[in-house]
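Trainee: Sequence:
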Amino acid sequence: MTRQDIPEFAPMLRLDGKAFVVLGAGQGIGEQSAHALAQCGARVLCVDSNEARARAIAEATRGVPCVADVTSRADIQKVFAMAASEFGNRLDGIVDVVGIGVGKTLETLDDSSWQRQFDLVVGHAFLAIQMGAPLLVPGASIVLVGSMAGSWVRGGELLAYASAKAALHHLARGAAQDLAPRRIRVNVVAPGLTRTPRLLDANDEEFWQSQAAEIPLGRAGSPSDIASAILFLASPMATHITGVVLPVDGGAGIGMLRPMAKSASRPATAPGRS
108 MTRQDIPEFA
118 PMLRLDGKAF
128 VVLGAGQGIG
138 EQSAHALAQC
148 GARVLCVDSN
158 EARARAIAEA
168 TRGVPCVADV
178 TSRADIQKVF
188 AMAASEFGNR
198 LDGIVDVVGI
208 GVGKTLETLD
218 DSSWQRQFDL
228 VVGHAFLAIQ
238 MGAPLLVPGA
248 SIVLVGSMAG
258 SWVRGGELLA
268 YASAKAALHH
278 LARGAAQDLA
288 PRRIRVNVVA
298 PGLTRTPRLL
308 DANDEEFWQS
318 QAAEIPLGRA
328 GSPSDIASAI
338 LFLASPMATH
348 ITGVVLPVDG
358 GAGIGMLRPM
368 AKSASRPATA
378 PGRS
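Start counting at 1 in the sequence shown, then tack on 107, and there's your number in our numbering.
For the record, the hints were derived by calculation from the structure and aren't laboratory data.
Think of the CB as a built atom: it goes at the ideal place given N, C-alpha and C, for glycine as much as any other residue.
Keep in mind that the hints are not guaranteed to be accurate.
[Stated by the list, open to error] Below are the SDA-like pairs computed for lysine to any residue, each with C-alpha atoms no more than 25 Å apart in a straight line:
no.: 1; residue 1: Lys211; residue 2: Leu306
no.: 2; residue 1: Lys211; residue 2: Gln222
no.: 3; residue 1: Lys211; residue 2: Ala274
no.: 4; residue 1: Lys185; residue 2: Leu278
no.: 5; residue 1: Lys185; residue 2: Val171
no.: 6; residue 1: Lys185; residue 2: Phe225
[As the list claims (entries may be wrong)] Cβ pair distances, simulated, as ranges:
no.: 7; residue 1: Ser220; residue 2: Val260; range: 18 to 26 Å
no.: 8; residue 1: Val244; residue 2: Asp218; range: 37 to 45 Å
no.: 9; residue 1: Ser329; residue 2: His277; range: 22 to 30 Å
no.: 10; residue 1: Asn196; residue 2: Arg169; range: 18 to 26 Å
no.: 11; residue 1: Gly124; residue 2: Pro323; range: 36 to 44 Å
Can you make the complete structure from the sequences, with help from the hints?
Mentor: Right, here's the structure in full:
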């Protein structure tokens, strides 16, 4: 191998001049992802259902705030119309972090809550892919935040959530096939148990300690752990990776984790973030 055959690896993480849309950018994994992209030089359209959060993360990353209910087709149309206006009818990537559990069991799920769960997890991802893809340039990347719940069998309050995340994983792989001829990559980051603001509010420290003892690497994930994987898949570092579900779970998928002691889902009245 000659010197000319050895690429410059470090610059592959730079995203200077590139434009991204982050859905669910206001807190947790979405907030960390917006920072990660911006620190590497990208301009970011920061989408959140909460106006204050959208404006705060946009200000922090020198991005563009956008308030939208991502489960609404009309609002997703507005998101990508704004992206086209701000970024000159071209996008280099979409990151979709939105997804929350409705927290109902097989016995208590009704038609509306089942449909709501799929809207909150997979419906908006379909809308984002369908409406965002025409703006994506060759070499662009779509990264969806799935869940290890979509790969493991989960009942109880996680039944609908896990089913929807499994559908999200399948959607990503199918879209990766469809968009590959345009050199657009579609991948999933699948977190295990992660210390997001929502889950920190829902569980006490005893819960976190007990779960950490069951994770091979000894702790739950942090939002920055997930954002780091998103950054990798969104960057030219991953230029030959598509249709992948990447676990970021501290080794829990090895099979050493017993069923979780408490559900990671809680009832929601508005779109939330993973």
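Trainee: Decide, hint by hint, whether the structure agrees.
Mentor: Going through the hints against the structure:
1. Among the hinted pairs, Lys211 with Leu306 is consistent with the structure: their alpha-carbon atoms are about 16 Å apart, no more than 25 Å.
2. About 12 Å separates the Cα atoms of Lys211 and Gln222, which keeps this hinted pair within 25 Å; it holds.
3. Taking the CA atoms of Lys211 and Ala274, the gap is about 18 Å. The hint holds against a cut of 25 Å.
4. A hinted pair counts as satisfied when its Cα atoms are at most 25 Å apart, and Lys185 with Leu278 qualifies at roughly 23 Å.
5. For the hint pairing Lys185 with Val171, the CA-to-CA distance comes to about 14 Å; that is within 25 Å, so the pair holds.
6. At roughly 21 Å between alpha-carbon atoms, Lys185 and Phe225 fall within 25 Å of each other, so this suggested pair holds.
7. Checked against the hint of 18 to 26 Å, the C-beta distance between Ser220 and Val260 comes to roughly 20 Å, which is consistent with it.
8. Between Val244 and Asp218 the beta carbon distance is about 40 Å. The supplied range of 37 to 45 Å therefore holds.
9. The hinted window of 22 to 30 Å between Ser329 and His277 holds, with their beta carbons roughly 27 Å apart.
10. For Asn196 and Arg169, the Cβ-Cβ distance of about 21 Å falls inside the hinted range of 18 to 26 Å, so the restraint holds.
11. As the Cβ distance of Gly124 to Pro323 is approximately 40 Å, the hint placing it in 36 to 44 Å holds.
Against the hints set out earlier in the document, no violation occurs for any number.
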